[in-house]
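Engineer: Just so you know, the sequences run in chain order P and U.
Going by numbering that gives the first Met the number 0, the first residue of the first sequence is number 0, and it counts up by one from there.
Going by numbering that gives the first Met the number 0, the first residue of the second sequence is number 0, and it counts up by one from there.
For the record, the hints were derived by calculation from the structure and aren't laboratory data.
Here the structure is a predicted model, which means the values were calculated and not measured.
You may find that some hints are simply not true.
[As the list claims (entries may be wrong)] Computed cross-link-like contacts, SDA-like style, restricted to lysine to any residue with a CA-CA straight-line distance of at most 25 Å: (1) P/Lys270 to P/His21; (2) P/Lys130 to U/Asp152; (3) P/Lys74 to U/Phe155; (4) P/Lys131 to U/Thr171; (5) P/Lys131 to U/Glu54; (6) P/Lys270 to P/Thr25; (7) P/Lys74 to U/Ser156; (8) P/Lys104 to U/Pro178; (9) P/Lys130 to U/Val170; (10) P/Lys218 to P/Lys74; (11) P/Lys105 to U/Arg37.
The residues making up each chain are set out below.
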Amino acid sequence: MADFLEIEDVSRHFRNIRAVDHVSLTVRKGEFYSLLGPSGCGKTTLLRMLAGFERPDTGRIRLDGRDITDLPPHKRTVNTIFQNYALLPHLTVRQNIAFGLQVQKKMPRKEIDEAVDRMLSLVQLESQADKKPGLLSGGQKQRVAVGRALILQPQVLLLDEPLAALDLKLRQKMLMELDLIHDQVGITFIYVTHDQGEAMSLSDRIAVMNNGRIEQVGKPAEIYEAPRSSFVAAFIGDTNFFEGQVLELVGDEYSRLNISGFADLVCFNDKKISAGNPVFLSIRPEKFHIGRNRPELSPKHNIVRGRVEDIIYLGGMTKYWVQAEGHKISITRQHSRFFLDEEPIRWNDDVWVWWHADDGFMLERYSEADENLVSLPPDASGTAETAQ
Amino acid sequence: MKRSRFPMAVTASVLVFFYLPIAVLVVNSFNASVYGGRWEGFSLRWYAKLAGQREILHALENTLLIAVSATLVSCALGTLAAFALHRYRSALQRWHFTLIYTPLVVPEILMGMSLLLTFVAAGVRLGLFTIFLAHVTFCISYVAMVVLARLQDFDFSVIEAAQDLGANAWVTARRVLAPMLAPGIASGALLALTLSIDDFVISFFVAGPGSTTLPIRIYSMIKFGSPAMLNALSTLLLVVTFTLVWTSQHLITKGEQAK
Chain P
0 MADFLEIEDV SRHFRNIRAV DHVSLTVRKG EFYSLLGPSG CGKTTLLRML
50 AGFERPDTGR IRLDGRDITD LPPHKRTVNT IFQNYALLPH LTVRQNIAFG
100 LQVQKKMPRK EIDEAVDRML SLVQLESQAD KKPGLLSGGQ KQRVAVGRAL
150 ILQPQVLLLD EPLAALDLKL RQKMLMELDL IHDQVGITFI YVTHDQGEAM
200 SLSDRIAVMN NGRIEQVGKP AEIYEAPRSS FVAAFIGDTN FFEGQVLELV
250 GDEYSRLNIS GFADLVCFND KKISAGNPVF LSIRPEKFHI GRNRPELSPK
300 HNIVRGRVED IIYLGGMTKY WVQAEGHKIS ITRQHSRFFL DEEPIRWNDD
350 VWVWWHADDG FMLERYSEAD ENLVSLPPDA SGTAETAQ
Chain U
0 MKRSRFPMAV TASVLVFFYL PIAVLVVNSF NASVYGGRWE GFSLRWYAKL
50 AGQREILHAL ENTLLIAVSA TLVSCALGTL AAFALHRYRS ALQRWHFTLI
100 YTPLVVPEIL MGMSLLLTFV AAGVRLGLFT IFLAHVTFCI SYVAMVVLAR
150 LQDFDFSVIE AAQDLGANAW VTARRVLAPM LAPGIASGAL LALTLSIDDF
200 VISFFVAGPG STTLPIRIYS MIKFGSPAML NALSTLLLVV TFTLVWTSQH
250 LITKGEQAK
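Kindly generate the complete structure, drawing on both the sequences and the hints.
Structural biologist: Printed below as a string of C-alpha cells:
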C-alpha cells in the first residue's frame with residue numbers, strides 16, 4: 000500500500016532542547032500507528048506538528064501526496080483527541096459535536112443535525128446530548144471528544160494519550176471501544192502513549208521514541224521479540240541485561256559471547272556484530288527455563304547454574320530471581336499440574352537455568368541518557384512510566 | 000465550655016460603625032425635616048424636588064456619558080492587556096504587569112494631579128474628554144485584573160481544539176473565547192462602571208467648565224445646597240452602586256461555579 004502520511008526529516012527545537020530530532024516516518028492509510036515512549040521523548044511534539052500547532056524547524060510533512068507542513072490547524076484534514084479532551088465547556092454535547100461542521104460550513108443545517116444524531120448514536124451519547132461537559136463522566140467526555148473529531152471524517156485522527164486521565168477499568172473499556180471504532184470507520188489513527196500495554200494491544204505498528212529520535216518501528220511482536228536497541232528492550236516489557244563481549248562468529252547467524260562468570264554463551268547475531276565488540280545481551284524473563292535437574296540440551300542452548308533468591312507466586316505465573324555467578328536473573332514461568340509437580344522449586348534451591356540461543360538479543364551498549372531506565376530492577380523498567 | 004461572645008460583639012460593632020452613617024443618610028432622605036436633626040414624618044418631597052433640578056440632571060447626564068464610554072473603552076483595552084499578560088512570556092511582562100497594576104495602588108490625588116499636569120502641558124482643554132481619558136486610565140487596570148483572574152484557570156487547549164475542528168482565529172475568538180470570558184469581562188465592566196460613576200478626586204482635578212459630574216455636583220451641594228436633597232441623591236447613588244457591585248460579584252461566583 001502506498002504511504003499515506005509521510006514525515007520526512009522533521010525536527011523541532013525548544014531553545015536548546017531537541018524535542019524532535021530528524022524523525023522520518025511513513026504511515027499507511029487506515030493504519031493504527033502508535034508513537035510510544037517515555038514522557039519528554041518528543042512524541043507529543045511530533046503529534047502537535049501533525050496537527051499544525053507546532054511548525055517543524057526542518058523537514059516536511061505530506062498527507063496523501065500533499066505538503067501540509069505550512070498549513071494552519073484549521074485547514075488540515077486532521078483532527079485531534081486531546082489528553083484532557085478540551086471540550087468546549089459552554090456548549091452542550093450536541094453543540095460540541097456539531098461545532099466542526101458548523102464552523103466549516105460544509106453542509107446545510109438540516110444535514111448537520113442528521114450527522115450529529117448519527118454520531119451521537121455511534122458514540123452512545125443520545126441520552127446525554129443536551130448536557131454540558133461539566134456534568135459528564137470521564138468516559139463520556141472521552142466519547143464526546145471522539146465523536147466531535149470523527150464527524151469531520153478526517154484523513155488522520157490524532158490521539159494524544161486519550162486514556163491517561165481515566166481509571167484502569169474504564170481505560171480497558173475505552174481501549175476496546177477505540178479499537179472497535181477504528182475498525183468501523185477505517186480512518187488512519189495516530190496514537191501517542193507512554194503505556195506499552197495500550198500500544199501493544201491496539202497498534203498495527205509502533206514507533207518507539209526516545210530523546211526525540213525513533214528507536215525502532217515495527218509490529219508489536221517485532222518490537223517485543225526482536226528489540227533493536229537496549230532502550231527498546233528495557234522500555235517494552237521486562238528484560239535481563241548481561242554485559243559482555245563478542246568472542247567469535249559461529250556460522251552466519253550466531254556468535255559466541257563472553258560474559259563474566261559464565262562459560263561461553265551462544266547467541267543469535269542478526270546484527271552481525273563482529274568479534275571484540277562490547278555488547279549487551281538481553282533476554283526476556285519468560286524465555287528462561289528453570290529446573291532442579293540438568294536437562295539434555297542441543298548445542299544451541301545455553302545453561303548456567305544458580306541459586307533461587309526470591310520467589311513470588313502470582314497465580315497466573317511465578318517470578319523467580321536466581322543468583323548465578325554474580326548476575327541476578329529474573330525469570331517468569333507458567334505452571335501446569337502445579338500441585339502434582341514432583342519437585343517444586345523453593346528458596347535457596349540450586350537450579351539450572353537454560354535458554355535457546357535464538358531467545359537472546361545482542362544490543363549495543365546503552366547511552367548515558369538511558370542509564371536511569373536500565374538500572375531499574377528488571378520488573379520495574381518497563382512499567383515505571385505506566386505507574387504514574 | 001461556653002463559647003465566647005466577644006467575636007460576635009466585635010463583628011457587630013464593626014458593622015454598626017460601617018453602616019450606621021449610611022443608614023442615617025438613607026433614613027434622613029425620607030425625613031420631611033429640612034436639616035434632618037429630628038424626625039418630622041415620612042416624605043418623598045426631597046426626591047420630588049431632586050427631579051426638578053436641571054443642574055443635577057445635567058451632571059447625571061455627564062456622569063453616565065463618561066461612565067459608559069470609559070467602561071466600553073477600558074473593557075476592550077483591559078481585556079486585551081489581560082490576554083497579553085497571560086498568553087505571552089517575556090522579561091518585559093513583569094514591567095507590563097507592574098504598569099497595569101500601579102493605578103490600583105497609586106493615591107488618587109497623585110493620579111489626579113499628574114493627569115492634570117499632563118493635560119495642561121499637552122495643551123488639552125479640560126472638559127468631558129479629559130475626565131473620560133482619566134477614567135479609562137484607572138478602569139483599564141480593574142478590568143485587566145478581573146479578566147486576568149478568570150484567565151488563570153482558563154484551559155487554552157480549548158482554543159487549540161477549536162482550531163483543530165476548523166475554526167479560524169476570528170471564529171475562535173467569537174464562538175469560544177468571547178462566550179467563555181464573557182462573565183469575567185462583564186464583571187470587570189460593572190466594576191469599571193461603578194468606579195467611574197463614583198469617582199470624585201480624579202474627576203475634580205481634570206474637570207473643566209461645564210463638565211461637572213455628579214460626585215462633583217454633590218460636593219458643591221454640601222457647601223451651597225440643601226442637605227436634605229443631598230441625602231436623597233446619595234441614597235439613589237447608593238442603590239445604583241450596590242446593584243452594580245452585587246451583579247458583578249454574582250457574575251464572578253457564577254463563573255466559578257460553571258467550571
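Engineer: Does U/Asp152 sit within 25 Å of P/Lys130, going by the straight-line distance between their CA atoms?
Structural biologist: Roughly 22 Å between the alpha carbons, so the hint for P/Lys130 and U/Asp152 holds.
Engineer: Hinted pair, alpha-carbon criterion (25 Å max): P/Lys270, P/Thr25. Please report holds or violated.
Structural biologist: Cα-Cα ~24 Å, so holds.
Engineer: Are P/Lys130 and U/Val170 close enough, with their CA atoms no more than 25 Å apart?
Structural biologist: With a Cα-Cα distance of about 23 Å, the restraint between P/Lys130 and U/Val170 holds, given a limit of 25 Å.
Engineer: Take a quick look at whether P/Lys104 and U/Pro178 sit within 25 Å of each other, Cα to Cα.
Structural biologist: Distance ~20 Å between P/Lys104 and U/Pro178 Cα, so the pair holds.
Engineer: Hint check: P/Lys105 vs U/Arg37, CA-CA at most 25 Å. Holds or violated?
Structural biologist: 75 Å, violated
Engineer: Check whether the Cα positions of P/Lys74 and U/Ser156 lie no farther apart than 25 Å.
Structural biologist: 18 Å, holds
Engineer: Do the alpha carbons of P/Lys218 and P/Lys74 lie within 25 Å of each other, as the hint requires?
Structural biologist: 32 Å, violated
Engineer: CA of P/Lys74 to CA of U/Phe155, is that 25 Å or under?
Structural biologist: Holds. P/Lys74 to U/Phe155 sits at ~20 Å (cutoff 25 Å).
Engineer: Would you check the hint for P/Lys270 and P/His21, treating anything up to 25 Å between C-alpha atoms as holding?
Structural biologist: Holds, at about 23 Å.
Engineer: Can you confirm whether the C-alpha distance between P/Lys131 and U/Glu54 stays at or below 25 Å?
Structural biologist: The hint is violated at about 52 Å.
Engineer: Is the hinted pair P/Lys131 and U/Thr171 satisfied, with a Cα-Cα distance of at most 25 Å?
Structural biologist: Roughly 19 Å separates the two Cα atoms, so the pair holds.
Violated hints, listed in ascending order, are 5, 10 and 11; each of the other numbered hints is respected by the structure.
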